[in-house]
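Colleague: Residue-level listing of the chains:
Protein chains: 2
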Amino acid sequence: MSKALRMSSMFLRTLREDPADADVDSDKLLQRAGYLRKTAPGIWTWLPLGLTVLNKIEAVIREEINGIGAQEVHFSGLQPREPYEATHRWEEYGEGMFKLKDRHQNDFLLAPTHEEMFTLLVKDMYSSYKDLPVTLYQIQTKYRDEARPRAGLIRGREFIMKDAYSFTVDEEGMKRCYMEERAAYERIFKRLNLDYIPVFAMSGPMGGSASEEFLAPMAIGEDTFALAPSGKAWNVEALTTPKAEEIDCSTTPAAEKRETPDAESIANMVERANGMYPREDGRMWEAEDILKNVVIAIKHPEDDDHDEPWRELIVVGVPGDREVDMKRLEAQFAPAELDEATEEELASHPELVRGYIGPMALGPQARVESSTIEEPLRYFVDAHIPVGSAWFTGADEAGVDYYNLVYGRDFEADAVVEAVAVRDGDMSPDGSGPLSFERGVEIGQVFQLGLKYSKALDLKVLNQNGKTVPVWMGCYGIGVSRVLACIAETHHDERGLAWPALIAPASVHVIATGKNEEVFEKAEKLVAELEARGLEVIYDDRKKVSPGVKFKDAELIGVPLVAVVGRDTMNDGTIEVRDRDGSNSEAVPEEGAAQVIADRFNAML
Amino acid sequence: MSKALRMSSMFLRTLREDPADADVDSDKLLQRAGYLRKTAPGIWTWLPLGLTVLNKIEAVIREEINGIGAQEVHFSGLQPREPYEATHRWEEYGEGMFKLKDRHQNDFLLAPTHEEMFTLLVKDMYSSYKDLPVTLYQIQTKYRDEARPRAGLIRGREFIMKDAYSFTVDEEGMKRCYMEERAAYERIFKRLNLDYIPVFAMSGPMGGSASEEFLAPMAIGEDTFALAPSGKAWNVEALTTPKAEEIDCSTTPAAEKRETPDAESIANMVERANGMYPREDGRMWEAEDILKNVVIAIKHPEDDDHDEPWRELIVVGVPGDREVDMKRLEAQFAPAELDEATEEELASHPELVRGYIGPMALGPQARVESSTIEEPLRYFVDAHIPVGSAWFTGADEAGVDYYNLVYGRDFEADAVVEAVAVRDGDMSPDGSGPLSFERGVEIGQVFQLGLKYSKALDLKVLNQNGKTVPVWMGCYGIGVSRVLACIAETHHDERGLAWPALIAPASVHVIATGKNEEVFEKAEKLVAELEARGLEVIYDDRKKVSPGVKFKDAELIGVPLVAVVGRDTMNDGTIEVRDRDGSNSEAVPEEGAAQVIADRFNAML
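Respectively, the protein sequence lines represent chains A and B.
UniProt numbering numbers the first residue of the first sequence as 1 and each following residue consecutively.
UniProt numbering numbers the first residue of the second sequence as 1 and each following residue consecutively.
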């Protein structure tokens, strides 16, 4: 008997209705078409069709990753606490980590990722630069106790991940491995027919220095990225503002103080300015003309000068029409964290006059000998503030602001920082034009870990000079089950799934219609001929099911080609061959139909 | 470049010494040869070589199991409590089950097996006899919190299992699926070159009715089985004693009472009998001539007549030279359990005279009208006691025994039971001759579950007559990672592993020796020629490693063929080709060597 998947015996039950709790198309269709069943929130059971597609995706990934010389290993999902304690991830991962105890009350976890275990494995086996470079990977099930699993496979509590780790004796080696892995990722996503965009990313909670995320652009994505006209993209956290062009201030009048009573907020300030000091050119004062100075506390960790963690107040000057993005700002002070200044802290600095804080009492200009400020605070300006720009801003006296205070002429900053939330139309970091903001799903990440894990877990080798050095690491992940969902999410229509040929659960879906036994014999013959040509076949051999239901099921399941053996075959000897995507439908003579179908399918690969 | 696994870059470090905590050869060798690393007790990391062999074993299993029409699915290792609660396994599994809570304090477990989930999946999808039969399986990692992990992969806390479940509308269907799966198991173990023996088994803690275990016979096995000369084998719990041949008692004198003071134990009784009543034929009295009557308590569950669990005393008569095997005996009273009788219970039956308990005050003979015993206890005899056999046994009076008390003439039993421990030389159940006891490792089990899970989880379908009936289930397991260990355990010598060709990590291990660059070029050419013939190659291309170390590594790794390119190749143009098992070694002309090796390898498959 042929190996075809027969609809009469396949473990499959298609659903006409969307499952009640499915919130995205891929989740609805993968359940309706019998690829998956939900066991518990975020926990899945793979049915035969789903497992077939998953295996094909894994095969593509293995081929490309083996192709760059990476070697496959496999770790348990269950791991002991100690290695994760050494890297502080046991605590830092928080509620997202499933923890449990064995019968001897030893602590274990279900690994959310395996950096620690890969590091320890290489430490266990290798000791010399001669052993390096080596890149190891696994395709394995990870567990994360998401608070709110959603979007089907896209954010579950278990998911299949390909995670690779490179080990090299130096930073250059790490960067080389990173570029190789990155190139393999591009080949993988291209072969899988999945649109992707590499997005420059900050290091995030994994530690390390350089990183890119691969996002599949789609409206249901949880991640926002900023896209430049050049095609380059950035995480919001990773965006840098190109240096603003210097403004010629040679004709800007000298700064002067002006009375601006009751102008503590930007809105009041704008109103007061427009009321009391109308501009000569008739233009209205806007929030963007005002320099807003925001006080923020930095929580520094202990350091050489401090035995304990310590707090520092700073002030950041930003355009009045923008808000501070604490996450972006914080990234520039890592590992320190940011906090709001307390009332006590504010009170201890009398130069911070509420609503009238200005740069003249801060930073470099407050550190001159003539200054009366004790211990002046550090002052930063946001990268959107050009040298030479003139501002309405606080004069450190209640009810008084400066007018025409010029950055670079009247005041300086200790440093320029990325402080404000980016927005549509901001200049892209590469200067190629205004940014737009898009949504996507993260399907992969490449990451220069540097020495974080090798230092924490003491992975060292002897280098070429006989010196013991920590090993440089990179890590590289693909969310395998998430990739499957993203392909489903971007390859479907209202009638069902429409898989790319390379990973479809079968090459062709043969449907026999009617009750004429001869039709079924002809269909059976076609199936055998297709299989002889190396095609994988789903064969709808059900006897008591209407053609309409069979067509609906075929469209729902989404195999690239559908071949119908039925009345036409009996009448005029033709078989109808359709593309699932609707691009083509033709009547093909029965004789030679298998070859036509094989040719069409192979052209799709 | 060729795809060969190059020793210069393979993630591998062979060990000359056995790991300290490895207790069996397979564990020692799999670690030493770089197939596995231990992460924590009973938790393993698969290295590239190990993963390759594992994948090949899985491929054989998939091929055979798909071949009988089973369909592959995949469940999560993490499962919610509720289904396991419904079958009572949440409690009954005890400390062997890893349990955990999610962030919402819901209970989860790491599944030790997936009966519940398969049952619920079929219930979720199917509702009619027309959907059946269906057999589903997965190859998946199971977790069991073993108290004392040992023997490497053979008893770990995680292990890879192929578990299949059949669903049929009736018992005949279940039996048919059982036989198909059983036959596939035989094909699998034969193809894997793993000696096995199907052993009749009791149902054990999984519930159900009929079952066989597949054991791989080996001295390190934890399981004992009884082997008949016919080649059939049984679990000790499953052994039945053939009906003992009736003894002609027509010339046996009538029973009489004899004084036997201070003969409470069997040993004393033998001494007393030999001292006081020497036999006429000069033979000594032995323990086997005495009928020992053992009082046992049965803990019955609640039933129609009892609202609460209740206890019953029974007495079992066994030959004096044998001990009661409580587990075997208990199996015949399941679901009741056995216990020792308490002093109070014994005291409440004055007919139970310590050391002189006899059948005449028990069972059928105590239920006659003339009896003075109130509520006589049930009396059972062990299956080794033939009808017509005459015994020295208690007469229910202190210091008095019966002589020539004949079973079937003077006393009867309520039933015959399997009560005593079986031993070497006991007759086999099929009557083919005396049993011998062997040790083995359980590598598979086939099991007729019956209705246990479908009733507990309410899996019903409409049958042919439109009636709702519970579904008959079978379950069928193979310990995949354990199979790998058993193959290693039975395919090695003191120098290392020696894999069967079908699952070896490569077909041939090519070694280039010396420092002559031309040797490495010739070896490289041979590797390419071997790969062109479809062979998988490990190539020892290391430049600064001695031939001795290379040979040792090759023997340790255990690929079926070793080809040495070295001085001989330069001198007389030959390549040495060795079988790993030592059965053959020959010098093959360089020209044509690849074909010779390919032919030799293919002949091994």
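For the record, the hints were derived by calculation from the structure and aren't laboratory data.
Careful, some of the hints might be misleading.
[As the list claims (entries may be wrong)] Label-pair distances were calculated between CB atoms; the ranges are:
| id | chain 1 | residue 1 | chain 2 | residue 2 | range |
| --- | --- | --- | --- | --- | --- |
| 1 | B | 468 | A | 544 | 17 to 27 Å |
| 2 | A | 568 | B | 128 | 24 to 34 Å |
| 3 | B | 415 | A | 3 | 47 to 57 Å |
| 4 | B | 528 | A | 3 | 32 to 42 Å |
| 5 | B | 583 | A | 99 | 34 to 44 Å |
| 6 | A | 572 | B | 502 | 47 to 57 Å |
| 7 | A | 455 | B | 186 | 38 to 48 Å |
| 8 | A | 572 | B | 187 | 21 to 31 Å |
| 9 | B | 469 | A | 3 | 51 to 61 Å |
Treat the numbers as computed from the prediction; the structure is a model and nothing was measured.
Cβ atoms here follow ideal geometry from the backbone N, Cα and C, with glycine treated the same way.
Colleague: Hint by hint, say whether it matches the structure.
Modeller: Hint-by-hint comparison with the structure:
For residue 468 of chain B and residue 544 of chain A, the Cβ-Cβ distance of about 21 Å falls inside the hinted range of 17 to 27 Å, so the restraint holds. The hinted range of 24 to 34 Å is satisfied by residue 568 of chain A and residue 128 of chain B, whose Cβ atoms lie roughly 32 Å apart. Range check, residue 415 of chain B to residue 3 of chain A: Cβ separation about 53 Å, and the 47 to 57 Å hint holds. For the hinted restraint 32 to 42 Å between residue 528 of chain B and residue 3 of chain A, the CB-CB distance of approximately 33 Å keeps it satisfied.
Restraint check, residue 583 of chain B to residue 99 of chain A: a C-beta distance of roughly 53 Å breaks the suggested window 34 to 44 Å. For residue 572 of chain A paired with residue 502 of chain B, a C-beta distance near 50 Å keeps the hint of 47 to 57 Å intact. Separated by about 54 Å at the C-beta atoms, residue 455 of chain A and residue 186 of chain B break the suggested range of 38 to 48 Å. Distance hint check: the CB atoms of residue 572 of chain A and residue 187 of chain B are about 47 Å apart, inconsistent with the given range 21 to 31 Å.
The given range of 51 to 61 Å is broken by residue 469 of chain B and residue 3 of chain A, whose C-beta atoms sit roughly 32 Å from each other.
Comparing the model with each numbered hint stated earlier shows that hints 5, 7, 8, 9 do not hold.
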